[in-house]
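Going down the list, the protein sequences come from chains L and A. The numbering of the first sequence is our numbering, which starts it at 195 and goes up by one. The numbering of the second sequence is our numbering, which starts it at 195 and goes up by one.
Errors might be hidden in some of the hints.
Within a straight-line C-alpha distance of at most 30 Å, the following computed DSSO-like cross-link-like pairs (lysine-lysine) qualify [unchecked claim]:
(1) 240(A) <-> 234(L)
(2) 211(L) <-> 240(L)
(3) 234(A) <-> 234(L)
(4) 211(A) <-> 249(A)
(5) 234(L) <-> 249(A)
(6) 234(A) <-> 249(L)
(7) 249(L) <-> 249(A)
(8) 240(L) <-> 211(A)
(9) 240(A) <-> 211(A)
(10) 211(A) <-> 234(A)
(11) 234(A) <-> 249(A)
(12) 211(L) <-> 249(L)
(13) 249(A) <-> 240(L)
(14) 240(A) <-> 240(L)
(15) 240(A) <-> 211(L)
(16) 240(L) <-> 234(A)
(17) 240(A) <-> 249(L)
(18) 234(L) <-> 211(L)
(19) 249(A) <-> 211(L)
(20) 249(L) <-> 234(L)
(21) 249(L) <-> 211(A)
To give a feel for the contact side, a few chain L residues facing chain A, derived at Cβ under 8 Å [claimed, not checked]:
(22) 221
(23) 225
(24) 243
(25) 253
(26) 265
(27) 298
Hints were generated in silico from the structure; no laboratory data involved. Keep in mind it's a predicted model, so treat the numbers as computed, not measured. Just so you know, even glycine gets a beta-carbon here, dropped at the ideal spot from N, CA and C.
Protein chains: 2
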Amino acid sequence: MESGTRQGALSPCAACKLIRRRCAQDCVFAPYFPADEPQKFASVHKVFGASNVNKMLQELQEHQRSEAVSSMVYEANARFQDPVRGCVGAISSLQQQVESLQAQLALAQAEVEQMRMRLISPSSSSSHN
Amino acid sequence: MESGTRQGALSPCAACKLIRRRCAQDCVFAPYFPADEPQKFASVHKVFGASNVNKMLQELQEHQRSEAVSSMVYEANARFQDPVRGCVGAISSLQQQVESLQAQLALAQAEVEQMRMRLISPSSSSSHN
Numbered sequence: 195m196e197s198g199t200r201q202g203a204l205s206p207c208a209a210c211k212l213i214r215r216r217c218a219q220d221c222v223f224a225p226y227f228p229a230d231e232p233q234k235f236a237s238v239h240k241v242f243g244a245s246n247v248n249k250m251l252q253e254l255q256e257h258q259r260s261e262a263v264s265s266m267v268y269e270a271n272a273r274f275q276d277p278v279r280g281c282v283g284a285i286s287s288l289q290q291q292v293e294s295l296q297a298q299l300a301l302a303q304a305e306v307e308q309m310r311m312r313l314i315s316p317s318s319s320s321s322h323n
Numbered sequence: 195m196e197s198g199t200r201q202g203a204l205s206p207c208a209a210c211k212l213i214r215r216r217c218a219q220d221c222v223f224a225p226y227f228p229a230d231e232p233q234k235f236a237s238v239h240k241v242f243g244a245s246n247v248n249k250m251l252q253e254l255q256e257h258q259r260s261e262a263v264s265s266m267v268y269e270a271n272a273r274f275q276d277p278v279r280g281c282v283g284a285i286s287s288l289q290q291q292v293e294s295l296q297a298q299l300a301l302a303q304a305e306v307e308q309m310r311m312r313l314i315s316p317s318s319s320s321s322h323n
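Build the full structure now, drawing on both the sequences and the hints.
Structural data, given as structure tokens:
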């Protein structure tokens, strides 16, 4: 009876297809999980569960949902790549990189300062004392 | 009949208490979700779901599970603090910090190089040309 009134009923979104539910016109998943990208929902479903993804999206305003889905997909994929540390592995490694860069920068800045002093009073440094 | 054979039956772990299941002697949650830290499990349950946490732990070797739980608790708390970006917010901000530090370091190193040249041939720099 409703045939032709909406495409969703004929081609459910990737989420509704995976969890085998009717894809309603106002389906919260449909805008972010198109049928031609089934892996996106499969990933977040395996890590967060469809019901939690649904809840998390419902709690957000519509303009925030696309970014929330991206971050969930990213987190889920990170968990597959590193089942022990997930995203937190990337955070630890970035934190180490920040610390190392800060140390290198402090050294370089100290060197600049030291050279500036030698350029200001060249006599004090030219005799190798 | 089994009273006294294990403490777990009398005081279930935080996970079993929350999801109201019997805390078995070989409960996969019990070592990581003690009864006196109920918030830890409540967080991962709300974000990942008890069943997914169970599955993820079962797929790991025992010596990896403690770190996996820590990373899941961290991710879950990040999702509460930033429901849109979760952990990924921290990753983006660390990546920006790395890029900014790399740029500052490159500048400082270029300055060092320039000063080194001026110190090697002071005559070329002393006349402000």
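We went through each hint and held it up to the structure:
1. Distance check on the hinted pair: residue 240(A) and residue 234(L) sit about 21 Å apart at the alpha-carbon level, within 30 Å; holds.
2. Distance restraint check for residue 211(L) and residue 240(L): the Cα-Cα separation of roughly 15 Å lies within the 30 Å cut-off, and the hinted pair is therefore satisfied.
3. Distance restraint check for residue 234(A) and residue 234(L): the Cα-Cα separation of roughly 28 Å lies within the 30 Å cut-off, and the hinted pair is therefore satisfied.
4. For the suggested pair residue 211(A) and residue 249(A), the alpha carbons sit about 18 Å apart, so the restraint of at most 30 Å is met.
5. Taking the CA atoms of residue 234(L) and residue 249(A), the gap is about 20 Å. The hint holds against a cut of 30 Å.
6. A hinted pair counts as satisfied when its Cα atoms are at most 30 Å apart, and residue 234(A) with residue 249(L) qualifies at roughly 20 Å.
7. With a C-alpha separation of about 21 Å, the suggested pair residue 249(L) and residue 249(A) falls inside the 30 Å cut-off, and the hint holds.
8. Straight-line distance between C-alpha atoms of residue 240(L) and residue 211(A) comes to about 24 Å, which keeps the hinted pair within the 30 Å bound.
9. Restraint check for residue 240(A) and residue 211(A): the C-alpha separation of about 15 Å stays at or below 30 Å, so the hint holds.
10. As the CA atoms of residue 211(A) and residue 234(A) are separated by approximately 12 Å, the hinted pair is consistent with the 30 Å bound.
11. About 17 Å separates the Cα atoms of residue 234(A) and residue 249(A), which keeps this hinted pair within 30 Å; it holds.
12. Simply put, residue 211(L) and residue 249(L) have alpha-carbon atoms about 18 Å apart, close enough for the 30 Å limit, and the pair holds.
13. With a C-alpha separation of about 10 Å, the suggested pairing of residue 249(A) with residue 240(L) holds against the 30 Å cut-off.
14. Of the pairs offered as hints, the one joining residue 240(A) and residue 240(L) holds, with about 15 Å between alpha carbons and a cut-off of 30 Å not exceeded.
15. Proximity of residue 240(A) to residue 211(L) is assessed by CA-CA distance (about 24 Å); at most 30 Å being required, the pair is judged to hold.
16. Between residue 240(L) and residue 234(A) the CA atoms are separated by roughly 21 Å; this keeps the pair inside 30 Å, and the hint holds.
17. A distance of roughly 10 Å separates the Cα atoms of residue 240(A) and residue 249(L); the hinted pair therefore holds under the 30 Å criterion.
18. With a C-alpha separation of about 12 Å, the suggested pair residue 234(L) and residue 211(L) falls inside the 30 Å cut-off, and the hint holds.
19. Between residue 249(A) and residue 211(L) the alpha-carbon distance is near 23 Å, which keeps this suggested pair within the 30 Å criterion.
20. With a C-alpha separation of about 17 Å, the suggested pairing of residue 249(L) with residue 234(L) holds against the 30 Å cut-off.
21. For the suggested pair residue 249(L) and residue 211(A), the alpha carbons sit about 23 Å apart, so the restraint of at most 30 Å is met.
22. Given hint, residue 221(L) at the interface with chain A, is violated; its Cβ is 20 Å from that chain's nearest Cβ, farther than 8 Å.
23. Nearest Cβ of chain A to the Cβ of residue 225(L): about 15 Å, over the 8 Å cut. The hint is violated.
24. The criterion of a C-beta within 8 Å of any C-beta in chain A is met by residue 243(L), whose closest approach is roughly 4 Å, and the hint holds.
25. The criterion of a C-beta within 8 Å of any C-beta in chain A is met by residue 253(L), whose closest approach is roughly 6 Å, and the hint holds.
26. Restraint check, residue 265(L) versus chain A: the minimum CB separation of about 4 Å is within 8 Å; hint holds.
27. For residue 298(L), the interface hint holds, the least distance from its beta-carbon to any beta-carbon of chain A being 6 Å, beneath 8 Å.
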